[in-house]
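Model the full structure from these sequences, guided by the hints.
Listed below are the residues making up each chain.
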Amino acid sequence: MDLVETWREELRFAPGRVTRALLAAAVAFSIALPFLGQPAWIVRGTLVAITAIGVMGQNLLVGYAGQVSFGQAGFLAIGAYAFAHLQGLPWLLALLGAGLVSALAGVVVGFPSLRLKGPYLAIATLGFGIAAYQLLANVPALSGGRMGLAVQRPSLLSLYWTDVALLGVFALATTNLISSYAGRALMAVRDSEIAAESMGVNLTRTKLLAFAISSFYTGVHGALFAQFLGHLEPELFNVSEVLTQFVAITVGGLASVEGSIFGAAFVVLLPVIFGGLRWAVPVFFGASILAVLIFEPGGLAGALRKARLYLEQWPFR
Amino acid sequence: MSLSFGGIRALRGVSLAVREGETLAVIGPNGSGKTSLFNCISGAYQPGAGDISFDGASLLRLSPDRVARRGIARTFQNLRLFLGMPVMENLLVGRHLHFRRNLLSAALRLRREEIRHRDRCEEIIEFLDLEPYRKLRAGDCPYGVQKRVELGRALALEPRLLLLDEPASGLTGEEKEEVAYWLHEVRGRFGVTLVFVEHDLRFASRLAARMIALDRGEKIAEGTPEEVQRRPEVERAYLGDAA
Ligand SMILES: Nc1ncnc2c1ncn2[C@@H]1O[C@H](COP(=O)(O)OP(=O)(O)O)[C@@H](O)[C@H]1O
Ligand SMILES: [Mg+2]
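Read top to bottom, the protein sequences are chains G and L. In terms of our numbering, the first sequence has 69 at position 69, counting the first letter as 1, and numbering is strictly consecutive. In terms of our numbering, the second sequence has 152 at position 152, counting the first letter as 1, and numbering is strictly consecutive.
Simulated from the structure, these hints should not be mistaken for laboratory data. Some clues are possibly wrong.
Claimed, not checked - Covered stretches of chain L (in silico footprint by chain G; criterion: 3 or more residues with CB under 8 Å from a CB of chain G, positions within the stretch not fixed): (1) 67-73; (2) 104-113.
Claimed, not checked - FRET-style restraints, in silico, Cβ to Cβ: (3) L:D55 / G:L93: 45 to 53 Å; (4) G:L93 / L:G144: 50 to 58 Å; (5) L:T172 / G:V239: 52 to 60 Å; (6) L:G21 / G:A26: 51 to 59 Å.
What the hints assert, rightly or not - Partner residues are not named here, just some residues of chain L that face chain G (Cβ under 10 Å, in silico): (7) P64; (8) L97; (9) A138; (10) Y143; (11) A154; (12) A156.
All C-beta atoms in this analysis are idealised placements derived from N, C-alpha and C, irrespective of residue type, glycine included.
Below, the structure written as structure tokens:
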């Protein structure tokens with residue numbers, strides 16, 4: 001039995017025996033993966049880690065703060081190109097810079113959220129994504145023209161280790177953030193704007209903060225993706241990226257950190273499984289969203305949560 | 001103060017004063033403007049004319065979060081809980097404005113402040129008998145419990161003025177008794193000034209030493225519960241409502 005005994009226990013990171021065991025297993029797996037001698041899986045692991053950071057950001061905005069945004073492709077592109085242009089700086093600074101430029105764009109894109117809700121906000125942010133894409137496709141000084149931009153690419157192994165470590169840092173920071181006053185403010189705004197305001201939560205600040213944090217994550221995702229590819233061209237960031245992110249947060253689990261990682265793994269690995277049947281992937285994406293909405297609205301994370309509760313109370317139930 | 005929605009005049013020159021530490025009941029039939037009055041005070045609506053002052057400063061044109069920061073908390077007639085969050089977290093949002101906001105320490109999990117605020121919420125949980133529900137999502141709690149959570153959330157803010165919109169509506173007789181008891185305790189323990197809307201005249205007169213009655217956006221009576229209930233306008237308004 002490992003029921004939470006005092007409320008202070010609730011404040012601990014990863015409370016509960018099963019959770020801690022799963023966490024340890026995930027860490028062990030990430031460390032072991034490169035030693036399996038399968039370069040293809042190192043590539044996939046790296047992609048999952050990179051993608052998971054962006055999905056986590058999108059989940060903060062959609063799952064936690066309840067702001068439906070379709071601007072992800074734009075933030076991805078901004079992060080990637082900012083990183084490419086900042087390559088003269090030390091790596092970490094360039095990465096931070098890419099995130100911050102994207103966060104700034106996020107604040108600007110967030111302004112419509114102060115007036116618009118649901119589908120209207122989605123359309124406004126989608127417009128931004130398309131505009132960012134057009135800008136990059138048509139301004140050679142930004143995009144490097146038809147040649148694109150070259151980005152320095154480290155060895156596969158060092159990419160894997162840095163990206164997995166970064167995912168760890170982001171996952172930890174996100175978990176902390178959402179269990180703090182700031183995360184509660186996001187969720188309060190999602191659940192009832194008027195009640196949140198009446199409790200002293202500033203709507204403007206909270207929504208813009210959600211956009212800023214979320215696009216910071218997505219900007220970092222874009223930067224790491226640029227580094228992973230070693231080369232950038234505008235066609236990389238089209239609107240289908242938005243769909244992929246939505247599949248990831250829905251299938252992985254809305255408002256869940258581990259769900260964001262599951263969702264990223266889902267969208268990265270599914271095309272691998274389909275192999276020759278690549279055309280079927282979008283169809284399967286659509287079907288999986290439907291299946292989640294019908295059978296387990298909490299997504300993979302929700303299913304895991306139920307399993308974990310069952311295990312933690314076993315054999316008492 | 002006055003408030004209109006298009007052609008509907010929800011409040012017509014209603015004027016009232018609340019003294020520090022007192023309990024005031026606002027009564028009146030459905031649609032008489034009681035909720036609108038609360039919405040004006042709490043900043044959800046802006047009155048078209050008039051003034052609202054609290055502690056010597058005007059509340060006009062303040063957004064609801066700024067009003068909350070002045071020390072005014074409210075509940076809603078049709079519950080506005082954070083349904084996806086556990087009960088405890090609902091209360092913690094009530095303490096939002098007491099947090100020294102610092103994103104970096106939040107991301108680094110520096111928890112000294114958090115623990116202090118949780119202690120306060122813990123007291124409220126105990127006070128309102130919410131212990132069995134603390135980890136349950138607010139949306140999964142029964143109605144009576146949800147009403148209590150909303151009261152607790154407002155108390156967590158440590159307001160100086162508490163506005164309760166129909167705190168006993170939809171509750172069973174027994175639950176109403178409990179609410180009356182808690183409100184009585186709240187005044188003693190938290191020393192808060194209380195203004196509440198209530199349909200049930202008997203319930204209202206048990207708690208409040210003073211009442212105002214609204215009808216169709218106008219104040220039709222004010223005074224002790226006995227005085228107000230004896231006024232023919234009040235009787236007419238209530239009979240009209242029943243008919
Ligand atoms: N947001 C709104 N839009 C339009 N009319 C409203 C709105 N809020 C209240 N009203 C109208 O104002 C009048 C007073 O309503 P309300 O204050 O809710 O009454 P009470 O709380 O006393 O039942 C009613 O006629 C109602 O229809
Ligand atoms: Mg009302």
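Hints and how they fare:
Coverage of a stretch by a chain is defined here by at least three residues with a beta carbon nearer than 8 Å to that chain's beta carbons; for the region 67-73 of chain L and chain G the count is 4, and the condition holds. A stretch counts as covered by a chain when three or more of its residues have a beta carbon under 8 Å from one of that chain; for the region 104-113 of chain L and chain G the count is 5, and the coverage holds. The hinted range of 45 to 53 Å is satisfied by L:D55 and G:L93, whose Cβ atoms lie roughly 49 Å apart. The hinted range of 50 to 58 Å is satisfied by G:L93 and L:G144, whose Cβ atoms lie roughly 56 Å apart.
A hinted range of 52 to 60 Å for the beta carbons of L:T172 and G:V239 is consistent with their spacing of about 54 Å. Taking 51 to 59 Å as the suggested C-beta distance range, the pair L:G21 and G:A26 conforms, at roughly 56 Å. At about 4 Å, the closest approach between the beta carbon of L:P64 and any beta carbon in chain G falls short of 10 Å, and the interface hint on this residue holds. At about 3 Å, the closest approach between the beta carbon of L:L97 and any beta carbon in chain G falls short of 10 Å, and the interface hint on this residue holds.
A hinted interface residue such as L:A138 counts as satisfied when its beta carbon comes closer than 10 Å to some beta carbon of chain G; here the least separation is about 8 Å, so the hint holds. Against a cut-off of 10 Å between C-beta atoms, the interface hint on L:Y143 is violated, since the closest Cβ of chain G lies about 16 Å away. Satisfaction of the interface hint for L:A154 is found here, the shortest Cβ-Cβ separation to chain G being roughly 8 Å, below the 10 Å cut-off. Among the interface hints, the one on L:A156 holds; its C-beta lies about 8 Å from the nearest C-beta in chain G, closer than the 10 Å criterion.
Figure legend: structure checked against the earlier numbered hints; the only hint not met is number 10.
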